[in-house]
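K.L.:
Go ahead and model the full structure; you've got the sequences and the hints to work with.
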Amino acid sequence: MESAPFFPIADNLPAQLSYEESLAWIFQDVRFSGRGRKYDNPERSLARMREVLERLGNPQQRFQAVHITGTKGKGSTSAYSESILRHLGYRTGLFTSPHLHTFRERIRVNGALISRDDLAALVSRVRPAMEAVEDLGVFDRITALAFQHFADAGVEFAVVEVGLGGRLDSTNVLLPAVCAITRISMDHMHVLGDTIEKIAREKAGIIKAGVPIFSAPQQESAAQVLTDRAAELGAPLRQVEPLQSDAVPLVGTHQQINAALAWAMTDSLAERGLVRADSAGMERGLAETRWPGRFEMLPFPEDAPFPLLIDCAHNVDSVTLLLATLEKFYPNRPITFLFGANRDKELAPELELILDYTPRVVLVQSQHPKATPLADLAAQFDQIVARRADTDEIQVVAASSMAEAIAAANALAPPGGLLVGSGSVFVAADLREAWNSLHPGAFPADDWVHAAAGEPVLVPPQPAAPAGG
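Per the working numbering, residue 1 is the first one in the sequence shown, and the count goes up by one each step.
I should point out that these hints are in silico values taken from the structure, not numbers from a laboratory.
This structure is a prediction, so every number in the text was calculated from the model and none was measured.
Yeah, the Cβ is synthetic: ideal placement off N, Cα and C, and Gly gets one too.
No false leads were slipped in.
For each label pair, taking beta carbons as the anchor points, the in silico distance ranges come out as:
#, residue 1, residue 2, range
1, G193, E54, 27 to 35 Å
2, P456, G193, 33 to 41 Å
3, R290, S221, 32 to 40 Å
4, A407, K198, 40 to 48 Å
5, P373, P415, 27 to 35 Å
List of simulated lysine to aspartate or glutamate pairs, EDC-like, C-alpha gap at most 20 Å:
#, residue 1, residue 2
6, K328, D356
7, K370, E346
8, K328, E296
9, K198, D317
10, K208, D228
11, K198, D344
12, K345, D376
13, K208, E232
14, K208, E197
15, K208, E271
16, K198, E232
17, K370, E455
18, K345, D382
19, K198, E220
20, K328, D246
21, K208, D267
22, K345, E197
23, K345, D194
24, K370, D344
25, K345, D317
26, K328, D317
27, K198, D228
28, K198, E346
29, K370, D29
P.N.:
Printed below as a string of structure tokens:
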């Protein structure tokens with residue numbers, strides 16, 4: 001079902017848009033289902049992108065591209081790759097989605113977020129070309145804006161994360177210098193398919209003839225799909241092993257794999273003379289990668305009763321990895337979970353995993369329109385708890401705000417406890433913002449959390465009031 005716009009948008013926008021008007025225009029016809037127009041008319045999807053890029057003068061041809069897909073870890077891998085290339089001395093672009101606190105995070109040059117003024121000026125300039133293309137979607141617009149900004153900024157290498165899938169994704173108009181596919185698991189099944197093989201085929205859609213492709217270790221059936229597609233196109237395919245380096249700043253074996261993908265892609269570029277070989281520069285790039293919200297321990301001020309760790313785990317595979325990483329780094333520490341999720345997720349297996357790990361759970365609902373309503377989340381939890389033998393030990397509380405959730409988790413946590421917030425990118429973002437409000441000055445001045453204060457709010461459509469009410 002198609003939803004109402006994120007932002008109210010005027011019928012007659014001025015020629016020069018403000019930042020708020022620009023976002024309203026970009027998201028004017030957003031769908032919360034995750035199933036964009038490309039899946040309604042696959043034959044038209046990439047043709048539509050090529051048409052708008054041609055009207056813009058094909059900005060995507062003015063830089064080298066690194067293209068990355070996967071189910072989990074593609075954002076981290078993209079962040080590693082961009083930081084490595086930047087620390088090798090190249091002017092870089094980074095395109096990722098979604099964002100934590102501000103839309104500006106999605107489009108970066110040399111590590112800097114696109115400014116509000118630059119985004120507004122860019123949208124004002126390219127809007128006529130985009131509006132000339134029939135049925136352009138939200139992610140199409142954002143992708144074209146990113147490519148144009150990178151071209152305008154003189155970017156040498158753009159690291160581009162796929163939005164969803166790969167085969168029909170708006171970014172798949174690129175002819176990259178190198179590609180990577182992170183771990184593939186079951187997610188977005190209503191869009192990408194209900195088996196790991198179907199999902200892998202969508203991800204394999206970014207493989208290009210002759211272009212080196214690097215893969216994380218995969219389930220056998222997914223690995224076979226990638227192998228077959230790479231062989232068909234004559235694309236050299238190699239699976240990486242975890243990168244054993246103290247320079248990897250993010251925690252967990254899965255992050256060592258993501259870092260290995262970034263390292264292997266850079267090595268491939270160096271072997272072909274596309275970048276200079278400099279292992280010390282690559283190490284610096286890894287070490288200085290910034291990617292908040294991934295197994296991140298928030299700054300712990302003296303007035304906080306318990307520390308809060310957040311993560312963006314949002315499916316069974318990533319929750320399993322999160323719990324394994326908690327067990328490795330915080331063994332025997334009593335955990336209290338703060339958990340929320342998006343409507344398009346199969347929640348029961350995730351909830352079972354969490355209850356197997358800890359009996360203390362605080363249910364939350366992010367501000368994002370895709371969030372599962374708190375009442376629905378509580379009802380699903382009640383059904384699962386009722387089927388378990390350890391019902392008497394389980395403590396589940398629903399909180400109406402993130403600040404209330406943190407307070408409730410503090411009340412549930414035993415001595416020596418650790419609060420863990422997860423379930424979606426949006427839960428992680430809202431918890432960071434709540435923590436910032438509860439503990440002013442805890443985050444450094446350059447943290448993106450401070451940009452949330454001036455960001456237009458994504459407000460879900462409100463139900464109509466009853467007649468006569």
